[in-house]
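S.K.: Listed here are the chains, written in short residue letters.
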Amino acid sequence: MSQAGPLPIGIILGVIVFWLGIALVGLAAQRRFRLVSQVLFPLGGAGALVLAGAAFAALGQAPASLVLPLGLPDLPFHLRLDALSAFFLVLLGGTSFAISIFSAGYFRQAEGTPPGLLCLQYHMFLASMAGVLLADDAYLFMVAWETMALSSYFLVTTNHRIPEIRWAGFLYLLIAHVGAIAILLCFGAMQGFQGDYTFAAMRQAHLSGFWASVTFLLALFGFGAKAGLLPVHVWLPEAHPAAPSPVSAMMSGVMLKTAVYGLLRVTFDLLDTQLWWWGVLALGLGLITALYGVMFAAVQADMKRLLAYSSVENIGIIVAGVGLAIVFRAYGMNTLSALAMTAALYHCLNHAFFKSLLFLATGHVLHATGERNLGKLGGLIHRMPWVAIIALVGTLAIASLPPLNGFVSEWLLLQAFLFSPDLPNPYLHMLIPSAAGALVLAAALAGYVMVKFYGVIFLGRPREDKLAQAHDAGNWEKAGLLWLAAGCLLLGIFPVYVIAQLDFVTVDLIGRALGDTAGKTGWLFLTPVAPERASYSPLLFLVVIAVGVGFTYWMVRMFYHGRLRRGDPWDCGYPAQTPRMQDTAEGFGQPIRQIFEPFFVIERELPTPFDGAPRYRMTTRDRLWHWVYLPVARLAERMTSLVAVLQQGRIHVYLMYSFGTLLLLLLFAR
Amino acid sequence: MQLTISGLLYQTIQSLLLVLVAPLFLGWVNQCRAWFQNRSGPGLFQPYRNLLKLVNKDAVMAHGASGLFRTTPYVLFACMWLAAGIVPVLATDLPYAPAADVIALVGVFALARVFLALAAMDIGTAFGSLGARREMLVAFLAEPALLMVFFTASLISHSTSLTTIVETLAHREFVVYPSMAFAAVAFLLVFLAENARIPVDNPATHLELTMIHEAMILEYSARHLALIEWAVAIKLTAYTAIGIALFMPWGVIEAGHWEGLPTALGAFVAKLLAAGLGLALLETVSAKMRIFRAPEFLGTAFLLGVLGMLIRFLLES
Amino acid sequence: MGIPVTSQMINILASLMLLIAFAMLSQRRIISLINLFAWQGAVLVASTLIVAGTTGQEHLFYSALITLVLKVILLPWILHRLIRRLNVKWDVETLINIPTTMLAGLLLVIVAFNLALPISEMASTVTRSTLGIAMACVLLSFLMMITRSKAVPQVIGFLSMENGLFFAATSATYGMPMVVELGIALDVLVGTLIFAIFFFQIRQTFDSLDLKHMEKLKE
Amino acid sequence: MEILFVLGIPLAGGLVLALYGHKDWAPELNAAFSLATFVAGAVLTARIISEGPMVALNEQLFVDSFNVFLVALTAFVGFTTALFSRPYMRVEQAHGRLNPARLRLYHSMYQLFSFTMLLALLTNNMGILWVAMEAATLTTVLLVSLYRTPASLEAAWKYFILCGVGIAQALFGTILLFFAAEKVLGAGGTALLWTHLNEVKGSLQPTVLSLSFVFLLVGYGTKVGLAPLHNWLPDAHAEGPTPISAVLSGLLLNVALYAVVRSKVLVDGALGPGLGGNLMMGFGLLSVVVAAFFLSRQKDIKRLFAYSSIEHMGIITFAFGMGGPVATFAALLHMTVHSLTKSAIFFAVGHAAQKAGTQAIDSIRGLIKLSPAIGWGLMLGCLAILGMPPFGVFASEFLIITTAMAKHPWATPFLLVSLGVAFAAIFGKVQPMVFGETTARRLPHPPALIPVFVHLALVLMLGLYIPPYLAEWYRQAARLIG
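Quick mapping for you: the protein sequence lines, in order, are chains A, B, C and D. Using the numbering used here, read the first sequence as starting at 1 and increasing by one per residue. Using the numbering used here, read the second sequence as starting at 1001 and increasing by one per residue. Using the numbering used here, read the third sequence as starting at 2001 and increasing by one per residue. Using the numbering used here, read the fourth sequence as starting at 3001 and increasing by one per residue.
By construction, these hints were calculated from the structure, which means they are not laboratory data. Treat each hint with caution, since some may be false.
[As the list claims (entries may be wrong)] Straight-line distance between alpha carbons at most 25 Å, and here's what the computed DSS-like set of lysine-lysine pairs gives: (1) D:K3407 / D:K3369; (2) D:K3299 / D:K3369; (3) D:K3201 / C:K2216; (4) D:K3183 / C:K2218; (5) D:K3201 / C:K2218; (6) A:K466 / A:K376; (7) C:K2216 / C:K2150; (8) D:K3407 / D:K3429; (9) C:K2212 / C:K2150; (10) D:K3183 / C:K2216; (11) A:K466 / A:K478; (12) C:K2212 / D:K3369; (13) C:K2218 / C:K2150; (14) D:K3299 / D:K3429; (15) A:K478 / A:K376.
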């Protein structure tokens, strides 16, 4: 393998160092608010753009590596930039550029952590994510991985005076840490008992089926904990709402993807075999996660929790794609594996854009209104048209509607599913179409959720008086949002071009690409396998709709001569309407609650007819919490009380322990 | 994707045909219903007259309406038009068809629906949001079921492109596919739900607590309402055309066969008439369900769709 | 086959050590306990002297001297004084009744002998069989510490454990290097002084030397 | 020559401070003696690095790469703790918890304690090692009961009795070792010298050595705080003055473990690897598990970190037990970073407890608000000790866990569960202490922040970059231990 020019990897390393430098400046100038917000964050954003550019340039090149004289003495930091890393770095840079720019206008003074510390944590977070993506040995990977968890934890707990936020942070870091230990064990198993923890050595190692499976399961658990796979997803809906919105955007949009990256890296790059049941496991887990996530998103009343659950859903979809890729790969159907992988990667990119966009939009709403409860928002399209229109793009994208980007990746994934009849395993034949059903169901529910999300926040009439004071986004914020919206649109319209870039990744990992077929019929039509098999042209689609709208509009103008009069809403003639009569978030979630009742723990507080001040309250909680976490906590509790018996304060008993130990060992040793 | 003159011609003919004929088809269904109910009926062209009446009225719009509310009718209409351009009605040689396969077709319907639901919530009335919620409830179950139907068909033809599916089904030797029977039933259920027909919804009612579709468009008037009504008619026709294409595809022209046009046209009109009659009959003999039963109804459709796919694997592969 | 006289003497003394250890284990009166401790010290001195005489190792004489001063005279004297100063009247209370303790002690002796057997067989010194007895003494003192509920007997148990160790050091191995012995002696002395300080502090704070007051820190 | 300074300065310091320890400038004097010790230690270290191992004073003292690094560490942490103890003890005095006599005792014993630890490290004689270990107990036992509260007395008593009895077993072990050695080396004075023992370890009687090792392990293991011999440790840590907790946790445990490892080298030589390693792995793992489950029941902040010390000693013991260059390297590294981190934590905890006026976890809240530096110090220290990168504790845990996965996969589930439980327990308790609304108050003397952050900075550095000479040093030591 020829060594490519060290330029891109050098630039990326430079950006990481640059970010760390910004972080240190932030630490030094902790209270200089203007410096931090007007200079440091935009600079960080510029760095992100440079990083994305360098990574993009590296996509087509041969892998480049670098060894830094840091780290453990026998294991200096190895960096390597191959197509997979480059792709995720593009994702990181492209998304974080917008988030940094947005942050420049977002963070306010006097909110918990001083601005300089926020800057420190934020840029540490960025740098560590880039570190994860560049790492080429287990140690650097773990260091960057945990630094990422740690810096994001501090960002989550910015507003640490609220007990719920502290709890959220704790839960997040705990699950992240347990996951990290699993990843560590995974690396331990993977180095094939050679004692060499570079990825290069792991690529060489041949593991037996048992150990490979152990490795994969550990990786699935460890990375799944970070990504938010069931059942270790519980931290996600707690931590994402707790964080400041740019941080939620970063966590949801980018950090979760690093987990996907890790899973891909381990499964497709470091392990030399893939077994089919791994794929089935990942597929099943992914789909269950997707359904579970979207189901819970539908019943949330907090807008950021809703988005967080939606992230759970999207991660589920991505992992399902990865699982499918594994299945195909295990049976040597490399083209199809590449198709599924492309779909998963594409969805990663899409999710990064639209989810960041929506989180940033909610961040602005939160700032402008001080409210995150959907039941108290409404009608914001009049107060903040910019944000509302941009958020509409994100909403349509996340609801996977054509011609935006969310649709493309789901379309590709469904295409991949439709090839599963070619699999030689008779059980998989039947399993996978049903799985496609689950995927479609999740996607359709996402539409439901997003209508609720957008409609309740931006449309209708304001549910609270104070919403009248809400203002539109500032210039920094607008710029950030626009970048992401443009991303959603372009990614949706030019899939052929995007897939041509993704091909570098699939060629690297699977040895096959869609390139020769995907663009066979030109740049206009996306034909992943064969033109007669399936095709889709979002640009044509968009053009036709736009022409249709324009033509209709023109026709109506031609024939119609009436005037437009404004009046009170009709609403079947009901008098005395108030904004409180609109559907609330709970109301919108009611059908879902009813249909999927067994999955929720619902607590209702209903007013009686005689209540002077009637109150209605309802909480919906996760059953898994009762099924998995509380039992585990109780078990740990029981263990501790069991252990506590050991130490009851009597010195005689303590002496007995020593005595007993001594005797036991003496008898053992002889 | 060979761009041929004939293809362009077919494309234009069928897009215009479906759009223009749609109100007539609606009128036919209403007329049939009236016959079944022993009424004399408003006449076949009543929908056109309605549209004309609406277009000539002054529009009233609520104070709180935003740009979204005003744009939605146009988007809706454009989406339906696009859908009408994809479904092979007369010929499979459609140059625009590769732009969107069945999944994208479902996406188009979803796009239209999301816009409509958002517009319904825009004014901020109780009924608007109620309608939006119910519509989305129906949709999230109907959409997967519809896709399952399409998938069953595409498993047979190894393609998700609607034209290819129709070509395969229409021009291969005749085979009875049990899976398609399941799919047909599922499609029928989805068809009723998606087009707001009895038993899921009643297009003729403004009875507040039971309506779904009508609740969403309560605030629309004049030209906007006209566009929506027209779009709804196109949707009904397009769905019927899809049903015809999937389950009764005989008579559709293959690429390059000019001479088949009259036959194809005749076959299509006949099938459309039959379908309208069937729909009217079905609507007459069944009663509107409670809204809470709708999930079960559509759940059945979804299940049938999945079963169809499974049967495809069990019996036909 | 004749066993050398010195060796026999040491064996007798070793049995005495064991006997005294058992006596201490079963002793209820605290004064007697201290006296027994002093006797144990005396036996230790005697055995050290015999070993020193037999092997002609000069430093063992010093060792014997230190033991005599420290364990036979100084420590018992300090303990007696303490008892008087602290006005301790009570008898020794045990946590487990004496017959059971004795039975456990017997088992311990068997275990210790058993453990020491392979070592004794390969030992070259004249006093090879004493190692098992020394180990038994250590374990018996340990048992005593476990079963006594008051502070003073516990400390005496601790000191008698050191006796056992010394016995092992001198009889079984002909004595450790002088530096080490000096160091050990210093530690024992300082330790006893600190114990004494503690007795006063404990009494001052808890008004009693019963250890059941000191069971507050748990978990 | 330096070696004598290293030992002589703290000894002299102990004597001088026994006379003047109650003066106003005693804390500074204390720090000055510790600084001098540290300088001497540094010079000694530099010399060992350049010239290699050496023996001194008629072979009674010796320095090789294993103990010299512990000497440097001990002297360093001794010095920083003395810096920390300066404001800390002044505040204690201002709060009326100490009178001049006790202050004098404290300062004198502090220096003597340093002396005993350094002696234990530097001596070549297994007997003197025992004497020094016992002396270390003796010097600290009165410090544990320095406040004369009932709880502190109880703690001191338990500490004294349990460690005394434990260490008595170690003496028996030493005697057995001598017993085995004199057959090879003769009855002369060399039979307890480790350098000589090491040379002939292959010909020592295996049966005797295995018995001897059991006694030594139980004896010194008590001081290390291995479960189930650990019961004195949390009490002593919690009730003594915080500087003492810091050195107990950061240094004494290391020194005791050093003794165990020295013994293990001999027993491995005689028996081959197996018994020693297995016993240590078993003890280590048991300690990790037991300590992890105890952590969540703690209500006292110092007890909490005392259990954490047990846990980490368990990890180190486990690593030494595994053996091999990587694991031993990791164990040595872990000793270093644990001692730095844990003492930094105790510094922060000490100030925090003084600010809150209590050691009860539930009553310490929102440190970050009143004194961000202490709050962040505690938070970062806690994260570091929990094995969060980029801190050095992670570096060693990384090596240990991955090696365990490769060599003894059966042990990893225990490690996984324990580390998870420990994380939940410690972090769940520390987080609300640092964050949230505050209960703290201002203190008459500004806190000593330099020790906290110097330690953390060093730990951070070790996580990212281990200087080559340090690495070489660890490697040599690891080769020595095998």
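S.K.: State for each hint whether it applies.
M.R.: Verification of the supplied hints:
| no. | hint | result |
| --- | --- | --- |
| 1 | D:K3407 / D:K3369 | violated (46 Å) |
| 2 | D:K3299 / D:K3369 | holds (22 Å) |
| 3 | D:K3201 / C:K2216 | violated (46 Å) |
| 4 | D:K3183 / C:K2218 | violated (46 Å) |
| 5 | D:K3201 / C:K2218 | violated (42 Å) |
| 6 | A:K466 / A:K376 | holds (10 Å) |
| 7 | C:K2216 / C:K2150 | holds (16 Å) |
| 8 | D:K3407 / D:K3429 | violated (34 Å) |
| 9 | C:K2212 / C:K2150 | holds (8 Å) |
| 10 | D:K3183 / C:K2216 | violated (49 Å) |
| 11 | A:K466 / A:K478 | holds (23 Å) |
| 12 | C:K2212 / D:K3369 | violated (43 Å) |
| 13 | C:K2218 / C:K2150 | holds (19 Å) |
| 14 | D:K3299 / D:K3429 | holds (9 Å) |
| 15 | A:K478 / A:K376 | holds (24 Å) |
Hints 1, 3, 4, 5, 8, 10, 12, counting from the list given before, are not met by this structure.
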